[in-house]
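A.B. asks: Now for the letters of each chain:
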Amino acid sequence: MARTHRARYRWNDLVTRLVTKHKLVVGIAMLCIAMPSFADRQPGSLSTVKINVATGNVEIIHRLHNHDAELGIIAILKDHSLTMDQLVGRAQLALYIEDRFTIAVTDGDEIGAPLDLELLGAELDGEFVLVYQEFSGTFPAMVAVRNDILRDVFPEQVNHVNIAIGGSVRSLTFKDRDRWHRTSLE
Amino acid sequence: MRSQILTVAVTLLTATTVSADAIRQTKSDHYDAFRQLDVDLPTPNVYRTASGAPGTQYWQQRADHQIRVTLNEGNQSISASQTIQYTNNSPDTLRYIWIQLDQNRFAEGSIARTTATTVASEDGDVLTYGTLAAEQRHADVAHGFSIDGVTDSRGRDLKHTIVDTMMRIDLPQPLRNGQRTSFSIDWSFNIIEEAIIGGRGGYDYFPENDTYIYFLAQWFPKLAAYTDYGGWKHQQFLGRGEFTQEFGNYTVEITVPADHIVSATGELQNESAVLSSEQRRRLNAARSSDKPMFIVTPEEATENEKEGTTDTRTWIFKADNVRDFAWSSSRKFIWDAMIHRQEGGDFDEVLAMSFYPQEAEPMWSQYSTHSVVHTLEVYSRFSFPYPYPTAQSVNTWKGGGMEYPMITFNGRRPEPFEPDEDDPDADSKPDRTYSRAAKHGLIGVIIHEIGHIYFPMTVNTDERQWTWMDEGVNSFLQYVAELEWEENFHNHRENYSILEHIAEYMTSENQVPIMTQSDSILQFGPNGYTKPAASFVVLRETVLGRELFDFAFREYAQRWKFKRPTPSDLFRTLEDASGVDLDWFWRGWYYSTDHVDIAVTGMREYKVSTANPEIELDLNRQERADEIPETLGQIRNREEGRVTRAERFPELEDFYNENDEYAITNADRNAYTTLLEGLEDWERAALERAAVDDDFVYFVDFKNVGGLVSPLPLLITDVDGNEEFMMIPAEIWRLNSLAATKLLIRDKPIASIRLDPRRETADADFSNNSYPSRIEKSRLELFKQEDETRDMMSDMLRTLREAKDGQDASSAVPLERSGNQAGN
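Protein chains in written order, with my numbering: chain B, 1 to 186; chain Y, 1001 to 1824.
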């Protein structure tokens, strides 16, 4: 019981803090933190975009190391109490990723409308936290992808997107200054 | 001359091209996944044998250090004088030696700083607060070594040249094999604030009570490694790839404020000069305690951090046969210790200790020292008894971890809990709750970092060149130790987690093989940590089995204890000691970017034919009747009572009306006799035996979709629901690495076959693993299926979205355009 009470308690607290404008405090220093964790693992994410033959939907799973996700979301929301163990922490991460990951229609040149990806949520699995999105329309034959996940926090962040639609896997890597990557799925 | 050079260059170029791909399949696209690695591994020599052991003339250099260092708390700096004695055990004569100056990574103009890249976005350039704060700090404080003198043993200046994070010292006389040289360096530097600058050491500042924790790593000039396989290892330190080190003995005298507690590599030599009699009494008690005991209690630490002092004390530490030295100092430290007893090593008793501030409680007194001892127990079983007298875990930061001999810096503190102002009953102090993720994170990071004392602090691999040799091996053992801490640690399920995640990565088309060098690894995490760790899980649980793997792995660890192995030494030893050809495994997991995706694509059922027409023709008739139903028109005619013409005129009937196509003829009997006469006795016996056994014969087709050859774990279910598990070794792919057909003879018909039912191969796609095929629910579908979880998540997302509306969630410093603008 105490546990439930506590969770709600912290959640109310967070909402209060979110709606009150707060000053940018020392916590911002976290933004450029080098990752001493586990010596020198480069922060990165892996997103898979896969068609589910049974349902016909396109399923998107973003995988992040728990630790990167936690440090990242703490730095972005400047809230040191957030962890990936909490529903609110995972939800915040999911919303953040929804903002930072886009698939848009393209003719190979112009970038058109972004696809309407439904955000389902996030869950923990071992050292990883997974964020789920789904798309139920017709997937375009050529897409432009943008993946800015945690790149505003970790300059070294490398994001990897595997698109498994059609015959083979197409891999896109986002790092340094790059923005949109286009790929044809035919 | 010119043309000669050109000829040489062309010859070299040609030679390189040919040797890079000496063996090629030039007709057809056959790929020999089992080709031996011999031609690709370095040629064995007197230093490293073909069986993966150190050779008869194996050598390594030695560097002994004596350091006197003073921590200046007033301006967050340290200064030291140090003497290095260097022994040249190599067969080579050295005219100069290289020294690592890791702190220079933070210096103005360093390669690491000048090549740092920044983030740009579609909406404009972004300056993060973090980058801004770091730039401001660099502007205010000069970082990097100040080298105040390099002198020989007689005090004469030695010529030295600083090249970014390296320094070359020119020796007055060449140093021949077996000779020693001694020299001194005086130096100082300003300590970085780790949270602002980012690094592996520095200080952590607590503004709430104006206190510090100092943790010094990569803090002194030390010998670069000189090796048989790569000469001087003096690649510049850019912050990523870590260390290549030499072993040696250290004596370090650390002068700090008198109220500080110091934790360091090695053993404290002057307890009576730095500890109170009560602290010494407690330390002695801890030396025979099976549970952690306080040497400095939380209450004493709280008292201690309230006021400072200008007095100093000098703590003296000695450490033998270590490849590095690190230390931490603070007046905030709580200190606990317990004993770890072991047999067969140099130390029967190891003192396990933890040092942490109030802010880390209550997690740290509960878990830290126990995690240290747990690591020693598990890792020693897999390698050798812990080779040092102490093992320490120090809480120096909020997150992360770093390893040094006998000492590790570990993160994770309970989240500061802010009480609800509207709740009058709430305690106004933080309640120090911690999440399950924080608990497992803390235990996990301590296991990982203490584990590094074995790999690479003792099995001295070259981290700057082969990250996976310490990180991959260590992540594997960390995983083993976590599973042995408590069940469902981190929710690890039947190897599922680590193998599933790596499988997704391994399908990527733009990955690089693990055997690519550290600096050029694009996806550092998966290649350095998870993929090799997953490969060892597969090797232990599935390919070799625990008995063979554990023996071979222990052999590797013991052969290379206090020595410097390369990847080929590990590959060769694991084969040599297990007695199993693993070249296909190394080739697939370490030298290629293939992934595991095994599929069962078809299954055909047969019975052995007796070939006897007396039996077979009747069976054939029955089979046909079962397979092809009678013509509907014929059935309905009969039902209508329609009489055929042949029935009405019996004279129309002949031989064919009495005998169908399955009727036995003399020709059939003759053919059977001829067949039997043509068989050898043993062939006839086999045929007769098969007729008696009456077994079902299956041809099962497998496809290797991912390219990486894998054993085939198989679950066979018969029509009665009985299950049998079968493991087909990877050699099934030896003639054709892409497709294989397996013969199975069963006494009962098979109802279904499932490949990899325990999820142990790192298969990337389970939708093709069953015959008849069955729909495997995707991860995302499973998530959606859990109604309660999903509803809670939906509610949370909705509430957060509402709260977020109108908020500025930007984490960037507001920028205004001014003056020069070009590009976007």
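No lab work stands behind these hints, which were simulated from the structure alone.
We put the beta carbon where it would ideally sit given N, CA and C, even for glycine.
Treat the hints with care, since some could be wrong.
Stated by the list, open to error - No farther apart than 16 Å at their CA atoms in a straight line, the calculated lysine to aspartate or glutamate pairs in the EDC-like style are these:
no. : chain 1 : residue 1 : chain 2 : residue 2
1   : Y       : 1804      : B       : 99
2   : Y       : 1398      : B       : 176
3   : Y       : 1439      : B       : 85
4   : Y       : 1804      : B       : 134
5   : Y       : 1777      : Y       : 1765
6   : Y       : 1777      : B       : 134
Unchecked claim - Residues from chain B that face chain Y, not an exhaustive set, calculated with beta carbons under 8 Å:
no. : residue
7   : 56
8   : 88
9   : 183
10  : 186
A.B. asks: Compare the structure with each hint and give your call.
C.D. replies: Okay, the hints, checked on the actual structure:
The hinted pair formed by residue 1804 of chain Y and residue 99 of chain B meets the criterion: a straight-line CA distance of about 12 Å does not exceed 16 Å. Distance restraint check for residue 1398 of chain Y and residue 176 of chain B: the Cα-Cα separation of roughly 27 Å exceeds the 16 Å cut-off, and the hinted pair is therefore not satisfied. Of the supplied pair hints, the one linking residue 1439 of chain Y and residue 85 of chain B holds, its CA atoms being roughly 10 Å apart against a limit of 16 Å. Between residue 1804 of chain Y and residue 134 of chain B the CA atoms are separated by roughly 22 Å; this puts the pair beyond 16 Å, and the hint is violated.
About 11 Å separates the Cα atoms of residue 1777 of chain Y and residue 1765 of chain Y, which keeps this hinted pair within 16 Å; it holds. Simply put, residue 1777 of chain Y and residue 134 of chain B have alpha-carbon atoms about 15 Å apart, close enough for the 16 Å limit, and the pair holds. Interface hint at residue 56 of chain B: violated, since its Cβ lies 12 Å from the closest Cβ of chain Y, which is beyond the 8 Å cut-off. Among the interface hints, the one on residue 88 of chain B holds; its C-beta lies about 6 Å from the nearest C-beta in chain Y, closer than the 8 Å criterion.
Evaluation of the residue 183 of chain B hint against chain Y yields a violated restraint, the C-beta minimum of about 11 Å exceeding 8 Å. Interface restraint check for residue 186 of chain B: the shortest CB-CB distance to chain Y comes to about 16 Å, outside 8 Å, so the restraint is violated.
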